[in-house]
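Residue numbers (the numbering used here), protein chains in the order written: chain C, 115 to 419; chain S, 115 to 419; chain D, 115 to 419; chain A, 115 to 419.
Calculated from the structure, these hints are not laboratory results.
Some clues are possibly wrong.
Said to hold, decoys possible - Covered stretches of chain C, going by a simulated chain D footprint (3 or more residues, C-beta under 8 Å): (1) 161-171; (2) 233-247; (3) 264-275.
Bear in mind the structure is a predicted one, so any value in this text is a computation, not a measurement.
For every residue, glycine included, the Cβ atom is placed at its ideal position computed from N, Cα and C.
Number of protein chains: 4
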Amino acid sequence: MAGRTWLQHATPITFGLKCAGWLDGTLRARARLRDAVADASVLQFGGASGTLAALGADGEAVTTALAARLGLRTPDMPWHVERDRLAQVGAALGIACGTLGKIARDLSLLAQTEVGEARDRDEEGVGGSSTMPHKRNPVRAAVALTAATRAPGLVATLLAAMVQEHERGLGGWQAEWTTLPELLGLTSGAARTMAELLEHLVVDAHAMRARLIESDGYMLAESVATALAPSVGRDEAHRLVEEVCRAAIDGRQPLAYALLHDARVTHALPPQAIAQALDPAAYLGTTATFIRNVLARYDASVTLA
Amino acid sequence: MAGRTWLQHATPITFGLKCAGWLDGTLRARARLRDAVADASVLQFGGASGTLAALGADGEAVTTALAARLGLRTPDMPWHVERDRLAQVGAALGIACGTLGKIARDLSLLAQTEVGEARDRDEEGVGGSSTMPHKRNPVRAAVALTAATRAPGLVATLLAAMVQEHERGLGGWQAEWTTLPELLGLTSGAARTMAELLEHLVVDAHAMRARLIESDGYMLAESVATALAPSVGRDEAHRLVEEVCRAAIDGRQPLAYALLHDARVTHALPPQAIAQALDPAAYLGTTATFIRNVLARYDASVTLA
Amino acid sequence: MAGRTWLQHATPITFGLKCAGWLDGTLRARARLRDAVADASVLQFGGASGTLAALGADGEAVTTALAARLGLRTPDMPWHVERDRLAQVGAALGIACGTLGKIARDLSLLAQTEVGEARDRDEEGVGGSSTMPHKRNPVRAAVALTAATRAPGLVATLLAAMVQEHERGLGGWQAEWTTLPELLGLTSGAARTMAELLEHLVVDAHAMRARLIESDGYMLAESVATALAPSVGRDEAHRLVEEVCRAAIDGRQPLAYALLHDARVTHALPPQAIAQALDPAAYLGTTATFIRNVLARYDASVTLA
Amino acid sequence: MAGRTWLQHATPITFGLKCAGWLDGTLRARARLRDAVADASVLQFGGASGTLAALGADGEAVTTALAARLGLRTPDMPWHVERDRLAQVGAALGIACGTLGKIARDLSLLAQTEVGEARDRDEEGVGGSSTMPHKRNPVRAAVALTAATRAPGLVATLLAAMVQEHERGLGGWQAEWTTLPELLGLTSGAARTMAELLEHLVVDAHAMRARLIESDGYMLAESVATALAPSVGRDEAHRLVEEVCRAAIDGRQPLAYALLHDARVTHALPPQAIAQALDPAAYLGTTATFIRNVLARYDASVTLA
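With the hints as constraints, model all of the structure from the sequences given.
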């Protein structure tokens, strides 16, 4: 290993917990979008200026019949210049793009050659470079990241368009016409592409384990401090472990080695306790419960759907 | 009157219907914001990387106790990098700003000196011009319009910030820190200022009536076409009235005069029917029901609150 | 006149000055866009990763030849992930949309039936309402206002897309593909439509003059205060005129009448000085110079083009 | 090495070329910002409505004197409602944030523990984790990435604010008040922080070299195809090398090994030519010229400044 420095890695998590986080956000994004669409499924029917005057006394009856035929709810009054429900649909689409973009960002980071913990499947003709025979581009992640890059500006347009004049917006209304369909297309494209990517995701458990080994125990420094805390106090434990880390990093030692050679540590923790504290599989806390919770919600959503 | 041209006015509506539209949007904006805040009132507690590993077996119990003490819901799992619920709060704030901005835009148009149908109350020291002794600026409407101008970009920031890396966003997370509070401040300022403006709004019914009279009946052209339709067919009625309008505008005649002198019209409609068709108070359609519907929802919301 | 209130009108300006302001902004918008396009007309040619390695020693020569053939400048180095010049083009387009939108907003306000000072020409089949025979919609202004509503979000997308990864952006690069062409289309459509609108604009000088008369002199209150200032001091003049305005507004008097009946005013200003101060044509200050300046710049730009 | 897959790496570049790209963008960002500020350094002075009427015949002289005293240019006419030059300053700030954000993104990717090619210096008290003794957070990169995340929405606000009404914008004008200062603060903070980061950047040439070695030659596949092209044609060379790559990846062989054992390759290229094609230092193309060009521009800019 070429030197040893402070890590950017936090304490280790399982890949399952990461996936549970993606699922957690995606379930909410889907539910939010369904709610927003249901909420916006309201008939807009008001005639020239929202009074239905041309229908005389029949306005209410025609409204009810028309809504029924279109499968839409009847509004309390026409909403031609109150565009909040469409803006809400746009926002729900934008948030869905953000949620999918976060998954794509994570996957693009995991797929980096230096990391290699997960990647899109190799497929003839997908993502090949036109000039570099050895290269595959993460094109599916790019679709979702493009959507996440474009959606915020489009949602901003829908919000800006809400300030419409009197009974007919000038410019604001027309600005919705292309913007909402674009948001729908982006979200739908991102969702479908991420579904394809995730369904066939190549997960490299070996690389994940290798990462833990290469980290020489440093990712578990908090675990050691936690183990030391009952004996020396929480603050002192943190300070002590940071000091050991610093010296060990300078001396290019694995953390286990440095801990076992520091009397202040070994005075408080026997070797097997140090080994136990450095075992990533033993430092997962509430992970299993978290995953179970999210999967239960997913199962319920599938049953409902 | 200086000439007569095609109008931009649609068929007339009552000021009550306009207010009902504002209320309709505002009631939804308030409900949406409450829902979003309730939905986002979820504890975020995950330790270093979302596993609560430092709490050993106590993660779930501590989570439950902490959520109870803070009056927040317990999440299925930590959500440090799934920011959709905060983005949803931001979107609800942005939509509320749009709804308030629409009211402010309408009021600024109504308050134009040439229109003068509604305006903020005169108040010593509010909106006075520093150089023009005769002038009052619509400063309260400006507050809401400023909020509606700024909110879309801030919501876009929150959406862009959702694409966070792994278990800790770099830049995205920090971008929320000032943006969400700014959105809260803008919405709160716009809501309070519009409440003040509307509570003391000076409504000039005389000016509204004068507008109808000055329009020489043209605003009711659709009403005449509707009255003619049973006799001559809908398309022909529209064509005929447009032709009469065109000639009358060129000849600078009130619409009533032109209609009463067109044999095709008088053949189908007796004078009293023409007069009836030109009465704005008789061409309000479903207006009363619409207003009643929205007021009923408002009443229910007040009872609930 | 139905009552008299504080005005929202500032001191009067000529329609020529308003047009000069539009031209002033438009000339800058056009120049800025030309500069940005010229600045961005730089060859991007770098091979797989920006080194032109596959060309061996010929990279520079091929670059030069290719740029010459395409009529582009040779860059100092490939710029595949430095997108600032494209973002600058996008910003120049967005600013142009804002400038055109401001003209359209002004025109839509001037075209209001209650104002009627300027409007798009009447044209068979343009802007007619499908249900209201008497109505014409300002469709050309709507095109520019739509562009001005949509452009800010699209420019934001281009800026957000700048943060590209290493030698190939993932998502950021692809987000430009549709966004820049949309901005080009919006700007081009807004420019062409506003050109059509302005070329045939119907300007109603009679209505403009009528507005001045209807204002009963109040728009010139600053002028009176300015005339009084040498005698009573600037602050006292402002206070005094505001007091006279207040009483005259309450008493529904023209300002001239109120001034001529206030001894403090007549003590300082003889009647003909009051009349002079209330003449809008005599209170135009530097207007003619401003218009001349802008027209000179326009003339120069035409000669150059 | 845990398996061998298609790489995401393009052909290799030097770290110097990457830095040259950052510098290239930064030099333009700085020049663009200076130009925009210079362009916007124009006096706004128009009195109540842009005519300077209260100054009588002295408008032009006072304007000239005031501009001189403030060190600003004299405008052709007042620009209170033509905000394009301020929007241009905002856009230049937003583009600068994007350019700085791109550097920060690259550095955050290079600083990943798995990559480790460059990182912020270790500093007592900067970026330490509160719970993880072994961890350092890239806080300086976060500042620039936060700016790049927030700037697009703020620029969008300035553009949306351009559509101002008549001689005084309502809402649009006021929206600039906080937005432009925020953009200035973000850009200035990002620039200063990135300057600190880059000045003391820890560059790990050993890690960079190790990356090339670990890639087993695959990054140079294009180089091999280029070397083969004269013998077998460009398309066939690409196809052949991709086929060799595929088999070698499946067989977990270094590319050199696979090439030396493929008769179609060795028939066209002797072993020393293969070795030469696989030498990254020999496959840098025009890199040196590119770097020289950008440094020359930097030198010129320093001399000028």
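Against the structure, the hints:
Against chain D, the segment 161-171 of chain C contributes 3 residues with a C-beta closer than 8 Å to a partner C-beta. That satisfies the three-residue criterion, and the hint holds. Counting residues of the segment 233-247 of chain C whose C-beta sits closer than 8 Å to any C-beta of chain D gives 3, which meets the bar of three, so the coverage hint holds. Coverage of a stretch by a chain is defined here by at least three residues with a beta carbon nearer than 8 Å to that chain's beta carbons; for the segment 264-275 of chain C and chain D the count is 9, and the condition holds.
Going through the hint list in order, the structure satisfies each hint without exception.
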